[in-house]
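Go ahead and model the full structure; you've got the sequences and the hints to work with.
Protein sequences appear in the order of chains A and B.
Heads up: the first sequence runs through residues 0 to 233, numbered per numbering that gives the first Met the number 0.
Heads up: the second sequence runs through residues 0 to 380, numbered per numbering that gives the first Met the number 0.
Just so you know, the hints here were simulated from the structure itself, not pulled from any lab data.
Be aware that a few hints might be false.
[As the list claims (entries may be wrong)] Listed next, the stretches of chain B that the computed footprint assigns to chain A, with coverage defined by at least 3 CB atoms under 8 Å from CB atoms of chain A: (1) 105-112; (2) 178-191; (3) 334-345.
[Stated by the list, open to error] Computed Cβ-Cβ distance ranges for the label pairs, DEER-style: (4) B:362 with A:24: 26 to 34 Å; (5) B:375 with A:204: 38 to 46 Å; (6) A:158 with B:234: 51 to 59 Å; (7) B:260 with A:73: 21 to 29 Å.
In this text, a Cβ means the ideal position worked out from N, Cα and C, and glycines have one as well.
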Amino acid sequence: MKRSVPLILVLATALMLIAAFFIPHKPFGNLESRFLNWYTIVSGFTFLLGLDSLTRHHLTRVFRRGQGWGYSLVLVLSLLATMGLGFYSWLDPQFKSPFASGAPFMWLYTYMIIPLQSTMFASLAFFIVSAAYRAFRIRNFAATLLLVAAVLVMIGNVPLGGSIWRSIGAVVHAVVPAADLVKFGRLEAFAAIKDWLMSIATASAMRGIGIGLALGGIAMSLRIILGIERTYMS
Amino acid sequence: MIPPLLLAAVLGLMPPASVKASDAPNDQGQSIIVTWAAPEGESIPITGYRVLRSCTPDTGFTEVGLEPAATVEYADNEVTDGTRYWYVVEARSEADSARSAVVGPVVSRAQWFNTARVNILVVTAVICALFMYYLQRARKGAKMYVRKIAGLDAIDDALGRATEMGKPILFSFGLGYITDMVVIAALPLLRKIAKKSAEYSTRLIVPNSDPIVMTAAQETVKEAYTEMGRPDFYNPDNVTFLTSDQFGYAAGVDGIILREKPGAIFWLGCFYAESLIMAETGHSVGAIQLAGTTETTQLPFFVAACDYTMIGEEIYAASCYLRPEPVLMGTLKGEDFIRFWLIVLTTATVLLGTAGAVLSNQAPVLNQVFETVVRWATPAY
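Written out as structure tokens, the structure reads:
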């Protein structure tokens, strides 16, 4: 019973949604958006579970003076301050909503949350450099290929690429007067190579992976719908 | 015959031509599509079109839509199914307006089948039939082979190494929701890792960005520990909610990595721009890292930062690989068979298109066949 009821629910829901994809008539037509609305409502309430988990975890650490309890205290106080400012903005007749322009809650969001998010996102640049350094180190043929492709794409993406190509052309022309690479250089050869790499080589590999993912997704769905795959049900 | 320009100069603004109104196809009703053409040879600049509707053919026309001059179609989504409607389209200029003849009656109805999706239905039916065929073959005991997946084979090594070093294990679903297939596919892996962590008495940390996923993860870990006879080993403080904010989650996970210095990290789920921030931090503490995601844009980052990366559908195959039961293997075999035929069909279509382009004068039928195939295979939404 503990297993068969969820399996029946999964099968029935899946069949209804598949039917809804092909049948626009009521009651199937808007079934998907209706189910998504249900999911949104349920997930909204589950944030209380998240809040419970978060506060319980950090309050326990604060009361037990566990390792790094000071950070937990900052987190709990920040949580309370955000909630407090949200309620204040809502009750204040000047704003009437936490999301009103100039409301203290929005001030907190605009001048604290967004800069913190941006700072974290900006750190990605440094992580890309360290990861790229390791990935592009020439260890074997594949790494060399990756390095060459990456350099070509990088040069092709910046205006400097055209200047570099023209400089190479000038040098070649000085050595071999018959070779007029400068003329070819006006065609922005690095940009053309970059476009080819991105739209042909990379795109085909991405599409191959995408087709595999789609088939894997269908196989996984069938396993779940038919009740063959049950490991997700603890 | 009087030239249109002369006619326009004499009569003023011309009304829209070829006005048609019809029930919107393949919808759930309550929608009528009105189309028209710009007045032929109109010299006066048109500023827009007014669509008017009435329930009687002669009177009572009221405005239902106003469209700019470049638009020649209007979807009237405020109609009642089964009611007869008549339409008029009025062309408007700065100083003048001209109405078309009345068209109708039109009745909106909901359709019982979306004919634009016949191709998807056929392909889905074929794929499902093939899966069922291989499922039956597997049930009858046919032997099936699955190639080695290095990332899955490395799970035991990573767990063993973390245990030897006396360090915890970290598992992350990223920003995945329970509605994401990859999160469901990752749950059996969490189960396996939790079982091993109970066996080795190694702490397993699972920070979550979604409360529903957190609940699923808590249940999975608890069940795995109970199965291994170690229910006492479960600590809810190790499977917690962090935040649903993307970079807040990345900052929280980075903090855990730097404080706890895990020996093994598993990135299995949905990851976006935060993937490299977290995986590089994991690399900086010397953890052995295993990643698997369906986000193809993040795969290069994981390949660069992690020791093992499951590419594409490998993560979907995880449960079959970990539990090689014939029925589960049957679906994998079916997947491979369909992939093979997709390669054959794609190659054949590319060759057909190329031949059609090269021999467009000698054999135009090739191009026609190619265009028919492409049109049929392109899904409509």
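Going through the hints against the structure:
| no. | hint | verdict |
| --- | --- | --- |
| 1 | 105-112 | holds (count 4) |
| 2 | 178-191 | holds (count 7) |
| 3 | 334-345 | holds (count 4) |
| 4 | B:362 with A:24: 26 to 34 Å | 44 Å, violated |
| 5 | B:375 with A:204: 38 to 46 Å | 26 Å, violated |
| 6 | A:158 with B:234: 51 to 59 Å | 56 Å, holds |
| 7 | B:260 with A:73: 21 to 29 Å | 22 Å, holds |
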